[in-house]
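Here's the letter readout for the chains.
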Amino acid sequence: MLKYKFDWAIVLSGKYFDWLVSGVKVTIQLSAVSIVLAFLLGLIIAVMRMSKVRPVRWFALGYLEFFRNTPLLVQIFFWYFGSYKILPTVVNDWLVTQNFEFASAVIALTIYTSAFIAEDIRSGVLSIPKEQMEAARSSGFSFIRSMRYIILPQAVRITIPPLINQFLNLVKNSSLAMTIGVAELTYQARQVESYTFKGFEAFTAATVVYIAMSIIITVAVTWYSKTILSPLRAR
Amino acid sequence: MVLGLDFHVIWDNLTYFFIGRYPHGPLGGVGLTFYLAVVSCILSFFGGLILGLLAISRNRLIRYPSEAVIQFVRGMPLIMVIFWMYFLYPNLMGQPMPESQTVILALTFFTSAYMSQIVKAGIEGIPKGQTEAAISTGLSHWHTMRYIILPQALRNMIPSFVNQFVSLIKDTSLAFIVGVSELTQVATQINNRTLIYPTEIFLFIAVIYFIFCYAFTTLSRYLEKRLAWAKAI
Chain F
0 MLKYKFDWAI
10 VLSGKYFDWL
20 VSGVKVTIQL
30 SAVSIVLAFL
40 LGLIIAVMRM
50 SKVRPVRWFA
60 LGYLEFFRNT
70 PLLVQIFFWY
80 FGSYKILPTV
90 VNDWLVTQNF
100 EFASAVIALT
110 IYTSAFIAED
120 IRSGVLSIPK
130 EQMEAARSSG
140 FSFIRSMRYI
150 ILPQAVRITI
160 PPLINQFLNL
170 VKNSSLAMTI
180 GVAELTYQAR
190 QVESYTFKGF
200 EAFTAATVVY
210 IAMSIIITVA
220 VTWYSKTILS
230 PLRAR
Chain H
0 MVLGLDFHVI
10 WDNLTYFFIG
20 RYPHGPLGGV
30 GLTFYLAVVS
40 CILSFFGGLI
50 LGLLAISRNR
60 LIRYPSEAVI
70 QFVRGMPLIM
80 VIFWMYFLYP
90 NLMGQPMPES
100 QTVILALTFF
110 TSAYMSQIVK
120 AGIEGIPKGQ
130 TEAAISTGLS
140 HWHTMRYIIL
150 PQALRNMIPS
160 FVNQFVSLIK
170 DTSLAFIVGV
180 SELTQVATQI
190 NNRTLIYPTE
200 IFLFIAVIYF
210 IFCYAFTTLS
220 RYLEKRLAWA
230 KAI
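Read top to bottom, the protein sequences are chains F and H. Just so you know, we're using numbering that gives the first Met the number 0 here: the first sequence kicks off at 0 and counts up by one. Just so you know, we're using numbering that gives the first Met the number 0 here: the second sequence kicks off at 0 and counts up by one.
This is chain F alone, in the form it adopts within the complex (with noise of 0.2 Å):
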């Protein structure tokens, strides 16, 4: 049945191990940036989208279901191959010295994952109630203010479960990089693929990188929320 020859030492050690490791870096560097930037924005955005002026709270409106039913593959290609027409120069010439590849695919993971933060600290902010808002207010806190010094705080105590889960959707989604060339995990794996026929073992280590990796994350959040959250909301 199977005519394949397996040959495990060729991902386990040398040349293409260190491939596969650069990939890992890669895909971990990718992933923290975007998350970290992915986070600070879906923030804003989540204050937007419950402010009492209108076109603040429409723009974000917009901004959250637009880039959630959108292919992040398409993002990824708008912003590596179609942003130079809409940026402004500045931006532009900056980002070329930089690396391009992994900028853009950075700018596209974070837009796309904010917009799905927002929503998760929104159901967060929503779940505190209401008269904390209300007594904050008539203390004489501003709108900022009480979100930022009352409502926040804990509002992202909660949210930090689903955010976590978000941090998992961002490694799996960062290998759609690979479509423009950033050697993450997903991009080393087929290289090594093409370099030595061994798919097999290629895909194996890559596989098996990201299910630990999830199942590290998957472990975090419930051991966060049994011993962090459940007492808290016992109380």
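Simulated from the structure, these hints should not be mistaken for lab results. We put the CB at the ideal spot given by N, CA and C, even for glycine. Some hints could be false.
Computed cross-link-like contacts, BS3-like style, restricted to lysine-lysine with a CA-CA straight-line distance of at most 25 Å [unchecked claim]:
#, chain 1, residue 1, chain 2, residue 2
1, H, LYS119, H, LYS230
2, H, LYS119, F, LYS225
3, H, LYS127, F, LYS129
4, H, LYS230, H, LYS127
5, F, LYS129, F, LYS51
6, F, LYS14, F, LYS24
Derived DEER-like restraints, expressed as beta-carbon distance ranges [what the hints assert, rightly or not]:
#, chain 1, residue 1, chain 2, residue 2, range
7, F, SER122, H, ASN58, 35 to 41 Å
8, H, LYS230, F, VAL155, 31 to 37 Å
9, H, LEU87, F, ARG156, 31 to 37 Å
With chain F fixed as given, assemble chain H onto it according to the hints.
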């Protein structure tokens, strides 16, 4: 001309964007995107139903392995699943498979794992009293599931299924990777041919995807509201 963008390139290639070379050649563009999404959606509905039922089985020998499969697939990026299918099938079967079928298989396998979570949650959402009542009227475990629980649970799941369909429409864009000429592939082809309109082309297909996905997202929200209302009375 908006923002110095020139949308002539869209107008000139409009039929190519929507149906590819059909009827003189294979279906492509938006048509193929929809074909891939609909076929994989139907297949993964059944896949998810079976996997979901296995995952709530009372027999541990069935439950644990199916849980493991579900977690395994959910931990993997879709792109890896597509590569696995693309690479493994010819090696196992000794003959290649058309790319679009590879993608349908990969999407089905991948989405079934997510659908199974919906099925699981849907079944667990039905009050326990229903099962107890059915069993005490003499129905077998399987008949209870088939005639009492599933008809109610499936109705509650419809909005989530529609959401999953939206994800599928977005995920079909990955068929680009193995050269299936769906909308994203068609767009890159046109981009490679014309070279100077990438912004216009990718903006256009983003809007196309958005219109379809948003329509279904809205439908799902509407269904959710109607279901909540139907339950309230």
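Status of each hint after checking the structure:
Pair hint LYS119 (chain H) plus LYS230 (chain H) holds up; C-alpha atoms about 20 Å apart against a cutoff of 25 Å. Taken as a hint, the LYS119 (chain H) and LYS225 (chain F) pair is honoured in the structure, with Cα atoms around 22 Å apart against an allowance of 25 Å. Annotation: proposed proximity of LYS127 (chain H) to LYS129 (chain F) is violated, straight-line Cα distance about 33 Å (limit 25 Å). For the proposed pair LYS230 (chain H) and LYS127 (chain H), the alpha carbon gap of about 17 Å is at most 25 Å, so the pair holds.
Taking the CA atoms of LYS129 (chain F) and LYS51 (chain F), the gap is near 15 Å; set against the 25 Å cutoff, the hint holds. For the hint linking LYS14 (chain F) to LYS24 (chain F), the alpha-carbon distance of about 15 Å falls within 25 Å, and the restraint holds. The supplied range of 35 to 41 Å is met by SER122 (chain F) and ASN58 (chain H), whose beta-carbon atoms lie about 36 Å from each other. A C-beta distance of roughly 32 Å is found between LYS230 (chain H) and VAL155 (chain F), which places it inside the suggested range of 31 to 37 Å.
A hinted range of 31 to 37 Å for the beta carbons of LEU87 (chain H) and ARG156 (chain F) is inconsistent with their spacing of about 43 Å.
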